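Trainee: Sequence:
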Amino acid sequence: KLSLVNPGINMPNNPVSGATVSISDSTHLYQFNESSVEPGNYYSTPFQAVVGKNYTLTINYNSTDYTAKANMVPVTPLDQINLIKDKGLYRYNFVKSGDPAMIQVNYDWSSVPAYCTTYGHCQAQEDYYVLNNVDVNNIFGPVKDTIFFPAGTKIIRKKYSLSEEHQAFIRTLLIETEWRGGIFDVQQGNVLSNISNGARGFFAACMMISDTMVVK
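Adding 1 to a residue's 1-based position in the sequence shown gives its number in my numbering.
Hints are not guaranteed to be accurate.
Taking lysine-lysine and the DSS-like style, the derived pairs with C-alpha atoms no more than 27 Å apart in a straight line are [said to hold, decoys possible]: (1) K97 with K155; (2) K70 with K155; (3) K86 with K155; (4) K2 with K88; (5) K54 with K145; (6) K70 with K2; (7) K54 with K159; (8) K54 with K155; (9) K159 with K86; (10) K86 with K145; (11) K217 with K155; (12) K145 with K159; (13) K70 with K86; (14) K155 with K145; (15) K145 with K217; (16) K86 with K2; (17) K2 with K159.
Restraint-style ranges between C-beta atoms, simulated for each label pair [to be verified]: (18) Y44 with H122: 26 to 32 Å; (19) N15 with D80: 38 to 44 Å; (20) E177 with D212: 27 to 33 Å; (21) D212 with P16: 20 to 26 Å; (22) S64 with V6: 52 to 58 Å; (23) S18 with R201: 32 to 38 Å; (24) D212 with L5: 21 to 27 Å; (25) N7 with Y44: 36 to 42 Å; (26) H29 with R201: 42 to 48 Å.
The set of hints was computed from the structure by calculation and includes no laboratory data. Since this is a predicted model, take the numbers as computed values, not measurements. Every residue gets a Cβ at the ideal spot worked out from N, C-alpha and C, and that includes glycine.
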């Protein structure tokens, strides 16, 4: 997804159209084509990244090349899912363990229409991170709302591996978002970028595994 940087907060997205986008692994070149219905979104034909290879993203826009490099590290198996029953509903109990990773937990209780009405939506998502660092503004950050869900909810978990560089990017992103509002906030600043020529954003390659269960 490519867009121009907005000069102010909460301004509408300004997509970048007409760019040339590709990814190379030094052996193959994968071209991305802009969507005809989603300006600024670029898609390739399916291909699979490989652990240990180096990948280079190249974006050409207005006669300027923007490049970034990434390598993919292995992902470790998902831990056994841990649910806690609470007042007739359930909640997901996340325990940090294993190598650095991002875990997305998607909930779908559309099979329970009454709860859709009560909650206001039939789906929800939570993101969890395991990083190789200890941050006081994470430990003493603002409390997140707990997502409760009923029996019959379908849970899909996706676990993504994180390289050292990707971890550093996510840490700066969390400092400016989820971890902000606690008692140990740091001075605001730009989130890390690994794209050349002053572009903002991050290019990463992740190995992903997933599992699915239905709460009964």
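Trainee: Would you mind marking each hint as holding or not holding in the structure?
Mentor: These are the hints, each one checked on the structure:
{"no.": "1", "hint": "K97 with K155", "in the structure": "holds (22 Å)"}
{"no.": "2", "hint": "K70 with K155", "in the structure": "violated (36 Å)"}
{"no.": "3", "hint": "K86 with K155", "in the structure": "holds (16 Å)"}
{"no.": "4", "hint": "K2 with K88", "in the structure": "violated (42 Å)"}
{"no.": "5", "hint": "K54 with K145", "in the structure": "violated (37 Å)"}
{"no.": "6", "hint": "K70 with K2", "in the structure": "holds (17 Å)"}
{"no.": "7", "hint": "K54 with K159", "in the structure": "holds (22 Å)"}
{"no.": "8", "hint": "K54 with K155", "in the structure": "violated (35 Å)"}
{"no.": "9", "hint": "K159 with K86", "in the structure": "holds (22 Å)"}
{"no.": "10", "hint": "K86 with K145", "in the structure": "holds (18 Å)"}
{"no.": "11", "hint": "K217 with K155", "in the structure": "holds (10 Å)"}
{"no.": "12", "hint": "K145 with K159", "in the structure": "holds (20 Å)"}
{"no.": "13", "hint": "K70 with K86", "in the structure": "violated (44 Å)"}
{"no.": "14", "hint": "K155 with K145", "in the structure": "holds (22 Å)"}
{"no.": "15", "hint": "K145 with K217", "in the structure": "holds (26 Å)"}
{"no.": "16", "hint": "K86 with K2", "in the structure": "violated (39 Å)"}
{"no.": "17", "hint": "K2 with K159", "in the structure": "holds (21 Å)"}
{"no.": "18", "hint": "Y44 with H122: 26 to 32 Å", "in the structure": "holds (27 Å)"}
{"no.": "19", "hint": "N15 with D80: 38 to 44 Å", "in the structure": "holds (41 Å)"}
{"no.": "20", "hint": "E177 with D212: 27 to 33 Å", "in the structure": "holds (31 Å)"}
{"no.": "21", "hint": "D212 with P16: 20 to 26 Å", "in the structure": "violated (34 Å)"}
{"no.": "22", "hint": "S64 with V6: 52 to 58 Å", "in the structure": "violated (18 Å)"}
{"no.": "23", "hint": "S18 with R201: 32 to 38 Å", "in the structure": "violated (18 Å)"}
{"no.": "24", "hint": "D212 with L5: 21 to 27 Å", "in the structure": "violated (38 Å)"}
{"no.": "25", "hint": "N7 with Y44: 36 to 42 Å", "in the structure": "violated (24 Å)"}
{"no.": "26", "hint": "H29 with R201: 42 to 48 Å", "in the structure": "violated (28 Å)"}
Violated hints for the displayed structure, listed by number in ascending order: 2, 4, 5, 8, 13, 16, 21, 22, 23, 24, 25 and 26.
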